[in-house]
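In order, the protein sequence lines correspond to chains A and B.
Residues 8 to 223, numbered by this note's numbering, are exactly what the first sequence covers, in order.
Residues 42 to 251, numbered by this note's numbering, are exactly what the second sequence covers, in order.
Honestly, the hints are just simulated from the structure, not real lab data.
Values in this document were obtained by computation on a predicted structure and should not be read as measured data.
Beta carbons: idealized from backbone N, C-alpha and C, even for Gly.
Mixed in with the good hints, there may be bad ones.
Here's a subset of chain A near chain B, in silico, CB distances under 10 Å, partners left out [to be verified]:
id, residue
1, His66
2, Val72
3, Glu73
4, Ile81
5, Asp82
6, Tyr96
7, Phe140
8, Lys148
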Amino acid sequence: MAEEVLLLGAWASPFTSRVELALKLKGVQYKYSDEDLNNKSPSLLQYNPIYKKVPVLVHNGKPIVESQVILEYIDETWQGYPLLPKDLYERAIARFWVKFIDDKCWPALQKVFIGEEKGREKAVEEAYEVLKFLEKELKEKRFFGGESIGMVDIAANIIGYWLGACEEATGVELLTREKFPKLSNWIDEFVSNSVIKENLPPRDKLVPFLRHRFGL
Amino acid sequence: MAEEVVLLDFWASVFGMRVRIALAEKGIKYESKEEDLRNKSDLLLKMNPVHKKVPVLIHNGKPVCESLIIVQYIDEVWNDSSPLLPSDPYQRAHARFWADFVDQKVYDASRRVWRTKGEEQEAAKKDFFESLKTLVRELGDKPYFGGETFGFVDIALITFYSWFYVYETYGKFSIEAECPEIIAWAKRCMQKESVANTLPDQKKVYDLLW
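All chains, please: the whole structure from these sequences, using the hints.
This is the structure we're talking about:
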């Protein structure tokens with residue numbers, strides 16, 4: 008049966024970007040459909056009735072939702088570029104850091120950039136605590152995945168690209184090279200990677216979008 | 042090398058129970074170390090420096106944290122019997138989605154049911170039952186979320202059953218009255234040795250909070 012892969016996404020969403028990145032790394036051909044999140048399509052509501060969110064991967068008519076679930080599905084379905092390590096223990100560690108990024112980093116960053124100004128100092132301190140763990144986890148590696156990009160690097164796209172865009176949009180400085188030398192180097196590697204940089208939303212479109220979203 | 046499996050746990054933790062059920066399903070021998078959560082051991086702080094939480098599975102000296110990640114790890118390492126996740130990638134994605142739904146929706150609402158009062162509690166009760174009813178629709182006619190066999194999603198959810206008396210008493214409702222299918226499913230799971238031997242008595246959990 009001819010392979011049919013459809014991705015419902017939102018161009019400014021880091022979660023959508025994760026899925027695109029994974030598909031591109033695997034060399035999977037897919038169709039992309041951009042959603043207006045203020046006016047969700049009947050397809051989206053049909054494919055993701057529980058959360059009504061993007062991204063949704065539809066593979067031969069069957070939907071998979073939640074970016075982390077989608078990434079694991081992509082890794083298991085298409086061979087070639089491995090997103091997760093082969094070693095079972097390293098795999099559990101990778102899953103741990105992906106969950107850490109989603110459960111701790113994402114909310115911490117939101118508090119810094121979307122939260123009120125009076126709470127900002129505290130939000131920044133809390134974000135530092137979270138980022139310190141990732142700084143430590145990088146150790147001397149080029150990527151979280153080692154020599155090449157893996158699932159943790161893909162999940163960390165919020166730090167790799169969106170964080171910088173948020174800093175530009177709000178004027179709030181969070182991740183400095185001084186405080187986070189390893190993460191800063193990792194960010195440089197991330198955005199200069201050939202597959203990644205082709206698939207990020209353009210900065211000059213994303214920054215005004217975020218500014219608008221933050222009500223600035 | 043002799044296999045060494047240690048579990049850092051707390052008897053009333055719904056997350057720790059998930060790991061114990063998985064270990065029991067696989068027939069894995071392990072050493073259990075009970076933590077006093079008000080006075081965490083040096084070992085726990087060393088093995089889970091990021092979250093400082095239970096459960097932690099220590100396999101040949103190496104720690105794995107986060108209950109669903111541990112259960113997947115157990116399933117992948119001890120893969121010769123009693124599979125906890127399906128082998129088909131789409132079914133696996135399905136299982137992961139619903140286990141995550143339990144964490145995102147059931148856990149949060151259940152916590153608010155017994156920890157809040159007034160309007161906040163009413164909202165929590167509504168969310169709690171909505172999440173259970175969504176799960177009931179997913180269960181449908183199947184004996185287990187895993188289909189014919191007990192699996193990943195069943196493990197993720199069944200541990201909350203040990204806290205049902207807490208939710209019902211604090212929330213002043215009957216889960217059986219609102220959602221009989223969940224009780225029927227839970228009782229079916231409780232017939233499994235791995236579940237019955239793991240889940241503490243509901244009243245004992247209630248007494249812990251009192």
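Hints and how they fare:
1. At its closest, the beta carbon of His66 of chain A sits 7 Å from a beta carbon of chain B; the interface hint therefore holds under the 10 Å criterion.
2. Among the interface hints, the one on Val72 of chain A holds; its C-beta lies about 6 Å from the nearest C-beta in chain B, closer than the 10 Å criterion.
3. At its closest, the beta carbon of Glu73 of chain A sits 6 Å from a beta carbon of chain B; the interface hint therefore holds under the 10 Å criterion.
4. Proximity of Ile81 of chain A to chain B holds as hinted, the smallest CB-CB distance being about 9 Å (cut-off 10 Å).
5. The restraint placing Asp82 of chain A at the interface with chain B holds, with a minimum CB-CB distance near 9 Å, inside the 10 Å limit.
6. For the restraint placing Tyr96 of chain A at the interface with chain B, the shortest Cβ-Cβ distance is roughly 6 Å, inside the 10 Å limit, so the hint holds.
7. Hint on Phe140 of chain A holds. Least Cβ distance to chain B is approximately 6 Å, under the 10 Å limit.
8. Because the smallest distance between the Cβ of Lys148 of chain A and any Cβ of chain B comes to about 18 Å, over 10 Å, the interface hint for this residue is violated.
In summary, the one numbered hint that this structure violates is 8.
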